[in-house]
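A.B. asks: All chains, please: the whole structure from these sequences, using the hints.
Residue numbers (the UniProt record's numbering), protein chains in the order written: chain A, 1 to 564; chain B, 1 to 285; chain C, 1 to 188.
One should not assume that every hint holds.
What the hints assert, rightly or not - Simulated crosslink set (BS3-like; lysine-lysine; CA at most 27 Å straight-line): (1) A/200 to C/4; (2) A/200 to C/74; (3) C/74 to A/525; (4) A/200 to A/525; (5) C/74 to C/4; (6) A/502 to A/525.
Unchecked claim - Reference excerpt, derived from the structure (chain A facing chain B, CB under 10 Å, subset only): (7) 325; (8) 331; (9) 335.
None of these hints come from the bench; they were simulated from the model.
Glycine included, each C-beta is placed from N, C-alpha and C at the ideal position.
So the chains spell out like this:
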Amino acid sequence: MITDVELPEPEKSLPGATVNSDQGLLMWISSVDHKQIGIMYLLMALFYLFVGGLLALLMRVQLLVPNNHFLAPDAYNQLFTMHGTTMIFFVLTPAILGLAVYLVPLQIGANEMAFPRLNAFSFWISLFGGLLLYFSFLAGGAPDAGWFSYAPLNQTQYSASPGIDYYCIGLLLSGIGTVATAGNLAVTIITLRTPSMQYKYMPVFVWMVFIDSFLILAAFPSLNAALAMLLIDRQLDGHFFNTDAGGSALLWQHLFWLFGHPEVYIVVLPPFGVLSEVFQVYSRKPIFGYPFVVGSGIAISLLAFGVWVHHMFATGMGHTVNSFFAVSSMLIGIPTGVKVFNWLGTMYGGSIRFTTGMLFATAFLVEFTIGGLSGISFAIVPIDWQLTDTYYVVAHLHYVFLGGSLFGLFAGLFYWFPKMSGRMYSERLGNWFFWLFVIGFNLTFFVQHILGIIGMPRRVYTYPALAGYSALNLTSSLGAFLMGLSMLVFLYLLYDALKRGKRAGDNPWDGYTFEWLTSSPPPLKNFTTLPPVYSFRPVHDLNHPEIGDYKKPDEEKYGTKDID
Amino acid sequence: MMPVMHYWTFDLASLAILLALGLLYGSMAGWRRQRGAGLYGAGLVLLALVQFSPLHTLALTCSMSAHMIGHMLLLLVVAPLLVLGLPRRPTGWSATHIDRLSAFFSTAPWIGWLMGLGTMWFWHIPGTYRASLAHGDTGIIPLCTLAGPSTDWAANLIHLVHPISLVMAGVCFAWPLLGPRPSQRMFPLTGVLYLFTACIGCSLLGMLITFAPAGSYYPYVPGQSYYAMLSVLPAGWPAEPAVDQQMAGLLMWVPGCLIYLTGAISLFIHWITDDDEAGQIAPVH
Amino acid sequence: MAQKTLIKLIVGSETIFFLALLMAFVYFSYVPTLNPRLVSRLDLTSTGLFTVLLLSSSFTFWRAEVSFRRGQTKQLRLWLIGTVVLGIVFLFGQGLEYRTLFREQLTISQGTFTTSFFTLTGFHGLHVLIGLIILSIVIYLAFLGDLDDPDSVLLPSVGIYWHFVDAVWAVVFMVVYVLPHVLADSTL
Numbered sequence: 001m002i003t004d005v006e007l008p009e010p011e012k013s014l015p016g017a018t019v020n021s022d023q024g025l026l027m028w029i030s031s032v033d034h035k036q037i038g039i040m041y042l043l044m045a046l047f048y049l050f051v052g053g054l055l056a057l058l059m060r061v062q063l064l065v066p067n068n069h070f071l072a073p074d075a076y077n078q079l080f081t082m083h084g085t086t087m088i089f090f091v092l093t094p095a096i097l098g099l100a101v102y103l104v105p106l107q108i109g110a111n112e113m114a115f116p117r118l119n120a121f122s123f124w125i126s127l128f129g130g131l132l133l134y135f136s137f138l139a140g141g142a143p144d145a146g147w148f149s150y151a152p153l154n155q156t157q158y159s160a161s162p163g164i165d166y167y168c169i170g171l172l173l174s175g176i177g178t179v180a181t182a183g184n185l186a187v188t189i190i191t192l193r194t195p196s197m198q199y200k201y202m203p204v205f206v207w208m209v210f211i212d213s214f215l216i217l218a219a220f221p222s223l224n225a226a227l228a229m230l231l232i233d234r235q236l237d238g239h240f241f242n243t244d245a246g247g248s249a250l251l252w253q254h255l256f257w258l259f260g261h262p263e264v265y266i267v268v269l270p271p272f273g274v275l276s277e278v279f280q281v282y283s284r285k286p287i288f289g290y291p292f293v294v295g296s297g298i299a300i301s302l303l304a305f306g307v308w309v310h311h312m313f314a315t316g317m318g319h320t321v322n323s324f325f326a327v328s329s330m331l332i333g334i335p336t337g338v339k340v341f342n343w344l345g346t347m348y349g350g351s352i353r354f355t356t357g358m359l360f361a362t363a364f365l366v367e368f369t370i371g372g373l374s375g376i377s378f379a380i381v382p383i384d385w386q387l388t389d390t391y392y393v394v395a396h397l398h399y400v401f402l403g404g405s406l407f408g409l410f411a412g413l414f415y416w417f418p419k420m421s422g423r424m425y426s427e428r429l430g431n432w433f434f435w436l437f438v439i440g441f442n443l444t445f446f447v448q449h450i451l452g453i454i455g456m457p458r459r460v461y462t463y464p465a466l467a468g469y470s471a472l473n474l475t476s477s478l479g480a481f482l483m484g485l486s487m488l489v490f491l492y493l494l495y496d497a498l499k500r501g502k503r504a505g506d507n508p509w510d511g512y513t514f515e516w517l518t519s520s521p522p523p524l525k526n527f528t529t530l531p532p533v534y535s536f537r538p539v540h541d542l543n544h545p546e547i548g549d550y551k552k553p554d555e556e557k558y559g560t561k562d563i564d
Numbered sequence: 001m002m003p004v005m006h007y008w009t010f011d012l013a014s015l016a017i018l019l020a021l022g023l024l025y026g027s028m029a030g031w032r033r034q035r036g037a038g039l040y041g042a043g044l045v046l047l048a049l050v051q052f053s054p055l056h057t058l059a060l061t062c063s064m065s066a067h068m069i070g071h072m073l074l075l076l077v078v079a080p081l082l083v084l085g086l087p088r089r090p091t092g093w094s095a096t097h098i099d100r101l102s103a104f105f106s107t108a109p110w111i112g113w114l115m116g117l118g119t120m121w122f123w124h125i126p127g128t129y130r131a132s133l134a135h136g137d138t139g140i141i142p143l144c145t146l147a148g149p150s151t152d153w154a155a156n157l158i159h160l161v162h163p164i165s166l167v168m169a170g171v172c173f174a175w176p177l178l179g180p181r182p183s184q185r186m187f188p189l190t191g192v193l194y195l196f197t198a199c200i201g202c203s204l205l206g207m208l209i210t211f212a213p214a215g216s217y218y219p220y221v222p223g224q225s226y227y228a229m230l231s232v233l234p235a236g237w238p239a240e241p242a243v244d245q246q247m248a249g250l251l252m253w254v255p256g257c258l259i260y261l262t263g264a265i266s267l268f269i270h271w272i273t274d275d276d277e278a279g280q281i282a283p284v285h
Numbered sequence: 001m002a003q004k005t006l007i008k009l010i011v012g013s014e015t016i017f018f019l020a021l022l023m024a025f026v027y028f029s030y031v032p033t034l035n036p037r038l039v040s041r042l043d044l045t046s047t048g049l050f051t052v053l054l055l056s057s058s059f060t061f062w063r064a065e066v067s068f069r070r071g072q073t074k075q076l077r078l079w080l081i082g083t084v085v086l087g088i089v090f091l092f093g094q095g096l097e098y099r100t101l102f103r104e105q106l107t108i109s110q111g112t113f114t115t116s117f118f119t120l121t122g123f124h125g126l127h128v129l130i131g132l133i134i135l136s137i138v139i140y141l142a143f144l145g146d147l148d149d150p151d152s153v154l155l156p157s158v159g160i161y162w163h164f165v166d167a168v169w170a171v172v173f174m175v176v177y178v179l180p181h182v183l184a185d186s187t188l
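C.D. replies: Next up, the structure:
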């Protein structure tokens, strides 16, 4: 018998309780409510997704035919730099933070983040960091040295426009916001869990956000230090990375990839958590091997700091260094593979509902595995030397960032859309969006593997009419337009759902975690009472007391028991 | 068998240490075999291998990587095995000591952390590193000598202190995580953080050694090779000083980190699959 | 509780920031050989003196925390003011040192050594300055009587930050000022 316990009242009333919905835009701007900030984060990500996507489409127009003169070389340089920077720092990062900020307090049974005002501050400073980055277009030229801004190209003698200064300041500001949110999330999870929710009963998504917070706290300072040094180089005529004056280009690469490699896991771990929620609910089965899903998340985050040198195989550090990091990079495949098998095991024998969210989750398994395999191929040093700086890298990183992170985020977005908006979306439109997006995505990027293998270098504004180049690039561009089209369908889907969508109940998917216990959308105060937690599926235990997890032994609960 | 495998050494001091550790276990366990004795024994065997096997000869005479493997084994494998293998029901005098140590490390686990990291860093300051190696007095075969390959007693003392300090530091480092009093152990998630920060500290040192200019650590006189060790090395062995030093740094950086990581993961998995409501990890199997 | 946890996390994050700066400094000043400027141009004695002052500010802050726990408001204010004064004197010393270096044309754009030196010590100075601002606010609150409640977490949280700033300086001082002298002596 499960009985509710009263949630302890906070000592002070929740901030923002005096603001009400009559106040329109002011309610959003002045908000410190974690749900509103979460939604603003997501909207920010969506906005920049369209901006960054537009930049990508411009590039694909330029690459439509050989020897094209649609874009000048310097404009092309600015576009790919801004595209990469935007997508990583202003789409994926805010999107995962948005989901985390929205869902973590709900899933752990809290009414707010630990520091609501800090939460709002982090969001706004990230947003303004992005705006500042884009202001560079008006200030004399956007950054043009690639999203990783390699030295010495990032020095004034090679990039005289103020673009890279804006890059430094924009990323520093948003980096401060990201670190603050990460600290906020970690403290929220440590201190505000409902009393009966032990660590081992936390939803997988909360676990992944928890691990991710530490990853952010450990990785971002390295980027911030590098950016501060670069700014000193450019503004105060320092010599950190200026190779003409004794500086070191490799130092920049080390500092950048010490951040950059963990950053890949920073934007992929929370989607892993999202997928773990999506797979279990839509398969109507608890996640298979909960300890291993969480444990492999920890393993990935720890390994993240021991492999960054594989981004630098081509810098001539010698065979000894390269071989060690080749091996450690291959090791990353193990925990990632464990997770994939956990998800497959969750689906196995479940009664699966192929909603749009589940479609994205399933497609993730395929696309992310492709991205993972092409990643493993880079761990083999000779292959890396052959393929580095070709379109093969472009294909690989898009399969990881899009096929991995973004597919996971879309799965989560569709899964939690009824909760956030209180409306159901149209599955028909969802299906259209999914298939257009997936087909467009694979058309665009799969052929780029081949382009890379036949030697097309990345970051060059055009290409000669060599055999194979034209047809493959045309395919790739058409795929990109298809993705662009699918995003319009997505916008219409959102409009349609908000305008005409059916009212969603509190728990339309028969979900397992606490966010499904409150109304859709949740009120300002998320919960007044909560049932005690006996397993990592508290709402499932409540709704199905006859088969509640808490009655089962651990091995059955975690799905680690052999099935006869 | 490769010729290098013939170069076993044997010294009375190491034997004395091994005997002392064995006797210590016996008196703690009340001369009975308790659960975990196997782990303790494995630790002793590994310690003996580090001290007597060709690895030791290589480390003393020509290979910094071998030296590094020795360090890592002593600090990160031998010591945790010894701690894990300590008797669960210590008798007599040892019970109070174990209780006192456990209480101390549960209130100040950072001291264990600092001991582990500090000792590792200390032995890799170029000066102290040099002191822990073979010296100019060639011709002394360390067979049956008291301790170490030198005629100078101070150098021999360092040879004696070197492995002991590493094992001791490893014991201090492992105690808060794996100590014989499960109730006094660190909360496993804090333990993961403890290992992760230690891993960063070790990686930093590994990085420094890897990227330090060739020669900063290479005390073996070029062209001179004690016991002609270089000539017995298998073909393809990275014998050039620069590569050897890089490899030593990388060994600490990458596989060293993997040991911490394995520890963190096993700590976590033990804890989460355990039903014990106190939130502590399961008693060791 | 929450405040202290957050400060600890931020301090951990900052540690990595300083490690990055420190590694850059080591890279430029110790490799391939020790930069002779480290020994000849930096004044070990006077900086050592200011270092002692900064480190003793950790002691005064600790005393302030003790008086806070005992509810001795007067001593608390005095120890806090002492801490701030010591911090200001340290910053003043850093300013003096910078002025001497500038007079010798050792500016931030002079070479890789000065770039990394000024960045490392400058960022530390910035952290001291931030700490002083925070401490001034704490003193203001102490005079308003906000710190009379011994359960307040304000002072312990600020303490974590202040001790961290001091610890960073201890490491920076060792690497930038002391270690080069030791190494230079041992090679002579």
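A.B. asks: The structure should be examined with respect to each hint, and the outcome stated for every one.
C.D. replies: Going through the hints against the structure:
1. At most 27 Å may separate the alpha-carbon atoms for a hinted pair to count; residue 200 of chain A and residue 4 of chain C meet this at roughly 24 Å.
2. The suggested pairing of residue 200 of chain A with residue 74 of chain C is violated, with an alpha-carbon distance near 47 Å, which exceeds 27 Å.
3. Using a Cα cut-off of 27 Å, the hinted pair residue 74 of chain C and residue 525 of chain A is violated, with the two alpha carbons roughly 42 Å apart.
4. About 26 Å separates the Cα atoms of residue 200 of chain A and residue 525 of chain A, which keeps this hinted pair within 27 Å; it holds.
5. As the CA atoms of residue 74 of chain C and residue 4 of chain C are separated by approximately 25 Å, the hinted pair is consistent with the 27 Å bound.
6. Simply put, residue 502 of chain A and residue 525 of chain A have alpha-carbon atoms about 24 Å apart, close enough for the 27 Å limit, and the pair holds.
7. Interface hint at residue 325 of chain A: satisfied, since its Cβ lies 7 Å from the closest Cβ of chain B, which is below the 10 Å cut-off.
8. The beta carbon of residue 331 of chain A is positioned within 10 Å of a beta carbon in chain B (closest approach about 7 Å), and the interface hint is therefore held.
9. Evaluation of the residue 335 of chain A hint against chain B yields a held restraint, the C-beta minimum of about 9 Å falling below 10 Å.
Comparing the model with each earlier hint shows violations of hints 2, 3; every other hint is respected.
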